[in-house]
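A.B. asks: Sequence:
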Amino acid sequence: MDCQDVLQQLVKRYAQQPERLSKQVRLEQALRQAVTQAWPNQTRLPSHRQLALTLGVARHTLSRAIASLIEEGLLTTFHGKGTWSCKKEASVAITSTSVQLSKRAQQVLRWPGASTVQSGAFVPGIPDIAQFPMRKWRQLYASVTVPQNALLLSYSTGGYGPLKRAIREFLARWRNINCDIEQIIITDGTHNGIELCAMALADVGDTVAMESPCYWGARNVFTAAGLTIEMVPWFPDKGHTLPKVTGNISLAYLTGSHHYPLSVPTRAAHKQQFCDALSPTYIVEDDYEFTRDDHTNLLFDPHSERHLLVGSFSKMMFPGLRLGYLVVPRHLAGPMNRLRSELFREGRMLDQAVLAQFIFDGDLDAWCRRIQRDYLGRQQVLHDQLSSLPKVQSVSPPTSAISLCVEFVSGVNDVALAQALLKEHLIVRPLSPVCAETDPRTGLVMGVGMLSGETLVREVQRLRRCLELLLR
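Following the numbering used here, the numbering of the sequence shown begins with 42 at its first residue and continues without gaps.
Take the hints with a grain of salt, since some may be wrong.
Claimed, not checked - The calculated lysine-lysine pairs, modelled on BS3-like cross-linking and capped at a C-alpha distance of 27 Å, are:
1. K122 - K53
2. K177 - K432
3. K432 - K464
4. K432 - K64
5. K464 - K279
6. K64 - K177
7. K64 - K53
8. K144 - K64
What the hints contain is simulated information worked out from the structure, not anything from laboratory work.
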């Protein structure tokens, strides 16, 4: 590959990045895509001067981007000899003979997992991090990191009290849930909360019932905990396809008011029928995405002795925050808090203090109202462009969530579609790998958090053109 080809490919990928991102971030992402997806190993880059001039970026911006890729091991440089791509070797498939991992670990790694590509057009599960009010967040951080607050550097046994109060008030406003502060357990995000439920409420080999399609992250957590998973298909129009014979079910895992990954409203009546038929010992509801008016879709009851609610701020704010909460029955609050402390050694007091003040100041409410209006408009753009594609059976109706699901007619290979779109740096997830063996649905799950404005319109049109070719 000659120097001009390298330059042209980089320019094309740089132009595809969302314009609201900084030039350095756009350049980093363009370089990362080119190295991992397009350039052969040991491809020589043009001179830094030529790159900066062609891309229209400052030399120091280019230098910082290249330094970041060198740190990741994707570029290497030799003084006086230039900069070269350094593509990592593909990882060897995990087998019991090549790597001695546990059977549970091998089972988790057998499924498609969290993609190594966490940015790009339509990547699901990522909120709009570019518009998040980071200046206010930094100001709050500065306000809590003062000498008088040295205790915030210690363990957070039981969680930061003011944050629990803030969450209780937030849940009352947005979810119509009135619980005691003692029922709230601070977690390191949704996965940590689900893991705590699995460890506290089930033994190895016990059965957890999940809906099909399921949230793959929860399935991985339950598999790693050694639980047996029973998948029960759910259809928005008719409810669950319940098994004729059921055994003892320790846990039922359900999504909250908005189903993920189908990205449609759930129904409390369907969930109640599900629980009446399976009689699980405990019911865990994952309130993944929600709006202020959809709390009636929740089955969760804070006064029940067997209902638990999992929540996270990562999808509302930014993924790197990794803070969430569990609302548990009163009789479980003490034991589960102690178990969390023994297993995970709570910390992050500074982050918890900042989040508490962010909620108390009304900034979280204001951010949710603003960004959910934006998401609704973005989803409408996708819905209008994708609903008339060949072999598309349905597109989830526009909502204020960050995710959208396109379902295909029977027989479409959604895994192959997702792989083909990845080559165009259109990042989507196939639906079929998270469906039960008896559930033949196929589709694509995509997000709207990373795109807005003219960039969204341009990328949706590009996605539509690619899908038209692939589906025909």
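A.B. asks: Next, verify each hint and record whether it holds.
C.D. replies: Now for the hints, and whether the structure bears them out:
Using a Cα cut-off of 27 Å, the hinted pair K122 and K53 holds, with the two alpha carbons roughly 25 Å apart. For the suggested pair K177 and K432, the alpha carbons sit about 46 Å apart, so the restraint of at most 27 Å is broken. Only pairs whose Cα atoms come within 27 Å are accepted, and K432 paired with K464 is accepted, the gap being roughly 21 Å. Proposed proximity of K432 and K64 is contradicted: the alpha carbons are some 38 Å apart, above 27 Å.
Proximity of K464 to K279 is assessed by CA-CA distance (about 37 Å); at most 27 Å being required, the pair is judged violated. For the given pair, K64 sits about 22 Å from K177 by alpha-carbon distance, which is consistent with the 27 Å threshold. A distance of roughly 14 Å separates the Cα atoms of K64 and K53; the hinted pair therefore holds under the 27 Å criterion. Annotation: proposed proximity of K144 to K64 is violated, straight-line Cα distance about 44 Å (limit 27 Å).
Going down the numbered hints, you'll see the structure goes against 2, 4, 5, 8, while the others check out.
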